[in-house]
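Undergrad: Here the structure of chain A is known, so what remains is to put chains B, C and D in place on it, guided by the hints.
Protein chains: 4
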Amino acid sequence: MTRKVAILGATGTVGQRFIQLLNGHPWFEVTVLAASERSAGKKYRDACNWRLESEMPEEIGEITVVNTDLKSVDAAGDVDLVFSALPGSLAGPIEEEFAAKYPVISKASAHRLDEDVPLLIPEVNPEHLDMIQIQRERRGWEGFISNDPNCSTIQLAISLKPLMEFGLRRVIVTTMQALSGAGYPGVASLDIIDNVIPYISKEEEKLEVETKKILGTFDGSKVKPAPIVLSASCNRVNVKDGHLEAVHVELEENPDVEEVKEAFRKFRGAPQKLKLPSAPEEPIIVREEVDRPQPRYDRDAGNGMSIVIGRVRRDPALTIKYLCLGHNTIRGAAGAGILSAELMVAKGII
Amino acid sequence: MTRKVAILGATGTVGQRFIQLLNGHPWFEVTVLAASERSAGKKYRDACNWRLESEMPEEIGEITVVNTDLKSVDAAGDVDLVFSALPGSLAGPIEEEFAAKYPVISKASAHRLDEDVPLLIPEVNPEHLDMIQIQRERRGWEGFISNDPNCSTIQLAISLKPLMEFGLRRVIVTTMQALSGAGYPGVASLDIIDNVIPYISKEEEKLEVETKKILGTFDGSKVKPAPIVLSASCNRVNVKDGHLEAVHVELEENPDVEEVKEAFRKFRGAPQKLKLPSAPEEPIIVREEVDRPQPRYDRDAGNGMSIVIGRVRRDPALTIKYLCLGHNTIRGAAGAGILSAELMVAKGII
Amino acid sequence: MTRKVAILGATGTVGQRFIQLLNGHPWFEVTVLAASERSAGKKYRDACNWRLESEMPEEIGEITVVNTDLKSVDAAGDVDLVFSALPGSLAGPIEEEFAAKYPVISKASAHRLDEDVPLLIPEVNPEHLDMIQIQRERRGWEGFISNDPNCSTIQLAISLKPLMEFGLRRVIVTTMQALSGAGYPGVASLDIIDNVIPYISKEEEKLEVETKKILGTFDGSKVKPAPIVLSASCNRVNVKDGHLEAVHVELEENPDVEEVKEAFRKFRGAPQKLKLPSAPEEPIIVREEVDRPQPRYDRDAGNGMSIVIGRVRRDPALTIKYLCLGHNTIRGAAGAGILSAELMVAKGII
Amino acid sequence: MTRKVAILGATGTVGQRFIQLLNGHPWFEVTVLAASERSAGKKYRDACNWRLESEMPEEIGEITVVNTDLKSVDAAGDVDLVFSALPGSLAGPIEEEFAAKYPVISKASAHRLDEDVPLLIPEVNPEHLDMIQIQRERRGWEGFISNDPNCSTIQLAISLKPLMEFGLRRVIVTTMQALSGAGYPGVASLDIIDNVIPYISKEEEKLEVETKKILGTFDGSKVKPAPIVLSASCNRVNVKDGHLEAVHVELEENPDVEEVKEAFRKFRGAPQKLKLPSAPEEPIIVREEVDRPQPRYDRDAGNGMSIVIGRVRRDPALTIKYLCLGHNTIRGAAGAGILSAELMVAKGII
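These protein sequence lines map, in sequence, to chains A, B, C and D.
Position one of the first sequence corresponds to residue 1 (the numbering used here), numbered consecutively onward.
Position one of the second sequence corresponds to residue 1 (the numbering used here), numbered consecutively onward.
Position one of the third sequence corresponds to residue 1 (the numbering used here), numbered consecutively onward.
Position one of the fourth sequence corresponds to residue 1 (the numbering used here), numbered consecutively onward.
What the hints contain is simulated information worked out from the structure, not anything from laboratory work.
Everything numeric in this text was worked out from a predicted model, so none of it was measured.
Incorrect hints may have been included.
One copy or two, either will do: identical chains are not told apart, so a pair holds if it fits within one copy or between any two.
DMTMM-like mimics (lysine to aspartate or glutamate), calculated; alpha carbons at most 20 Å apart, straight line [to be verified]:
hint, residue 1, residue 2
1, K4, E205
2, K43, E288
3, K202, E281
4, K42, E289
Next comes chain A alone, as it looks inside the complex (with noise of 0.2 Å):
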């Protein structure tokens, strides 16, 4: 049975990957696409600047685009689940409007640390999919609202969840994060040519306490955050897509580098284990070059859902350090948000 999806934010350059990589999506089928009161009543093709390489779906560029509020969206077509790409200014409670009929997969910042919500990364946290029920009994909602991570994060959290078995706890973290993580426009060509920014707003505070909610215990009630500790120094650097971290980590036991990588290889998690349509068949991929990953070699693997880790070696400081790239858009927005719901949808949610 195919679900029909509402995109929120549909405009932008999160909503634009959504609408990509659910083109010809064996479950789900865009109906309605919502933007802003600018966007309202023009046909996509008109209201977007499309800003992907491959080219706007035939179909899709003549939806007529609808305002963000419920009574716009339930005008516009049948609907199943919602997924939202808003600005996190705007996402608070508009997204709740929504999770008051549908399930709502948010990509936005909003709810991310709400004690019901769910921070969801499917190969790590599926259980806490289970908060999604003391949510709707607390709130009285037909829908819910299940949140994505930030983009920096997941791939972080991605990479730690095989080393908890070492016992994680310190981790140290500097990204160099692509240009379509800040949106267009986003960053000016003048600020980035030639330079780096050593700077983004909110980035380094939502990797050190994002983390600890997604690799917390769920106990049946609320998550009990994960007893480590984390640092980030977020950096913007000249690429378009794909966010590279150097990571450096203390671990309670003392695994030779030979171990680690085998922890990040053997790594499967429920999408694998269920086979949903958007899995990676590896969710790392450890390459054994001396200067790899490199975003714009590695951030297509795995259909920009696998990350890829590369460089574990001995910290001399610490334990462990490595590199890890993610596709800040694909795996760290509209594929996670995609594999979020395809989750659900295998587990009876949606």
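TA: Relative to chain A, chains B, C and D alone:
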């Protein structure tokens, strides 16, 4: 009295910076330019693919390049000291040949870890110059070798020096290094467009080892390395000049952010006290903006001789984190050598 | 006698260049800074997102920005002349308001083609300044408007002027224009990374029309456009500053390449004869290398006020072809305005 | 019947494209890889610095590279035809050696202007293949040489072919060419960051001469060059793949813009009629947006085999101007060779 200077490796990017920075220098005059056989016998103008935005000094262009051996240099003119910008793989024996007769101030890595060779940053460890006497006696040389550290090490070590008073214990640093650090032609454009390369050969080892020697204690006979541990993760980014480093430090004491900034700001060294010609007024400039330092805006601070630090903040996993930027071919290379030479002149060593 | 200067549009990229270039100017002193309502009332330091590598002059940062209307500017301090760096869409009526009282030297496009407004390049058509008297009489103004041409036009027109002696007939030019020409934030980084944008709104029309007026003959009452045809193809490339133009010209005569180079080299104009403070010694520098001019290496020639020409060669389809480069925000904008003002001072118009 | 293919110069950037494009090809199978002595004897995986974003085909990586001489290639396996991606400076005698025995389809410049060698673009001048018979007879070869034009020439010539019906007389073209056109390592990153290089060795001559041969008339014995004049100005810009060309043409007739677009759109050639495997459905795609074609968005049109034309407009100085974009290593190199080979198979020449 003007000292006459020979430059070894004069046609490379660091050699060119030496020429640019020595143009009009009050104490030094370039008289001999040496390079590989391929260049020997040609006018510098014809031998050199000048890669700096400022024009090559007219009279330098007229100098005939000689081969990089003692005999050729001797024959080419009077020399009081030698700057070596040789490739690390060639520098070892050649610098020894020259040191038998001349003071050699070297940017090459060959002798950096030699027990009797100072690894000098004039603001940080001027007392290590006392090793020269030991070196001369042991090796029977009229001249000597003094070494400048690796570019990424210099700026890091300057930033760490004021933190020693707080009991520096652990340093984790991720670098985002400029293209000019790889020389010319260096990094292929196809490798770096829309990309980051998370690997620079031997760079992490240099950072981890050199820093301990620089910050170590000279007891009159040898250097006892500083009791700190360092871990580095080195990356090449699409920036022309200026290495940016994300630094996380663990300190024994627990100074607040303002105390740390104050320590950075008030830091002065021998070059400032001696008012050396190339000494920046402030070795460390602390910026308060949320998004500085940035390579393009901050690399030329203090004529490229100041280190610019920003975003000093608490580190949830260690003690303090900050960003640190330096001009890699000025403070990190040619400017470092010239400042070292100036210190030696001021101390009567040259 | 120092003239007091107001800058309209002071917070934009061209406004910033005016401030930078007027810092320490022997004849002009910035006293009033005007910008949009959003900035009015703030210190310039707080109102402006300073995007130049050199630091903002201390005392300028302390000036309180006023709104861009005559009353506010009048109230803010003494003013002898006004530089306008307003957006073209706003400049029309505002500049007229100011011109009733002050000399207005404008970078905006609004009045460029007005019959009684000089479109001035001091080296090229200083005699067009005689239009000012006509303008004042006709419009009943105490002040006046004098216009600088579009950035890409200025450098082209300077290069064409010496070719007039050979009977210039036809010009085909393809531009590769810098990011700073689009202002700030201007071109989105996602649009230009690994890309060229073959379109700049209205740029081709400006090149094709303005050039004819500039090179035209002023008969004492109006300008008769030069009898040439131009065709332009304008592109935006990933370069910070410096427009590069590939120019193909058809001449009535058939000068050889050396004669053309000689005409470029010997070209001097009123600013050189009058030794105006901002006049470059050579308005046109001819380079002989096979691969120059290049934006990064040549844009700062003559402090950004010289045009650099290279690769002068036979054109198999027309007569001669060459490359021409100019600094678009110096010679093409703020520097152009300042040189114009200097010429007016020297001629007693201001 | 599958033809077995040897690739000369297999480790370079064009060689890599051949391998990528021939992977899974219905008619051709790569059996022999030849490269310089430095690579000979190594597995391709070890000999090649693979610079494409897609992964190297597994089985190709296992092939042992042989030296680029007939004997070594003969010994390495069965070969039905040879693709040459040799450097122009080496290709001359080597290709002749191979042509004595095999069909050689060459990307190298050595034989392009030979009187009896077709300079083939399958859509443009398939009748030039008749030169092969003459060549074989004259040279006494079992095989032959057929040449692909220079990358920037191919896309220009395809765009000019439909304009021949309007009486093409004069062409002025300025190119903005991609980095991959210079091979690997090719352009140094320090040369192109924040820069344009207005010179590519011999490129303008190739454009000006090759185009006339391609569009020329084969009279059964030799090619009479097309009676047109061309003038080119060639530049290297900071783009990975995709050459962009600003083209100005003078036509005898005076078609309006829509007629010209229609001529572009309806253009089809032999590959389309024969439905060759690599033939794009539309050799020329015309875009209506004001700002297309752009390299990053349009280079992969028709799997990199379509030319994308945009901004067709009146030329005030000639007749018509437009922009033209092609993928330089697909349509401009490896894809061109493969399409040529497919045409020869369809025509029974191979």
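Undergrad: If a hint holds in the structure, say so; if it doesn't, say that too.
TA: Evaluated hints:
1. K4 - E205: So K4 and E205 fail the 20 Å test inside a copy (35 Å) and across (48 Å) alike.
2. K43 - E288: between (47 Å within a copy, 18 Å between copies)
3. K202 - E281: Intra 32 Å, inter 34 Å, cutoff 20 Å: neither.
4. K42 - E289: So K42 and E289 pass the 20 Å test across copies only (18 Å; inside, 49 Å).
Violated hints for the displayed structure, listed by number in ascending order: 1 and 3.
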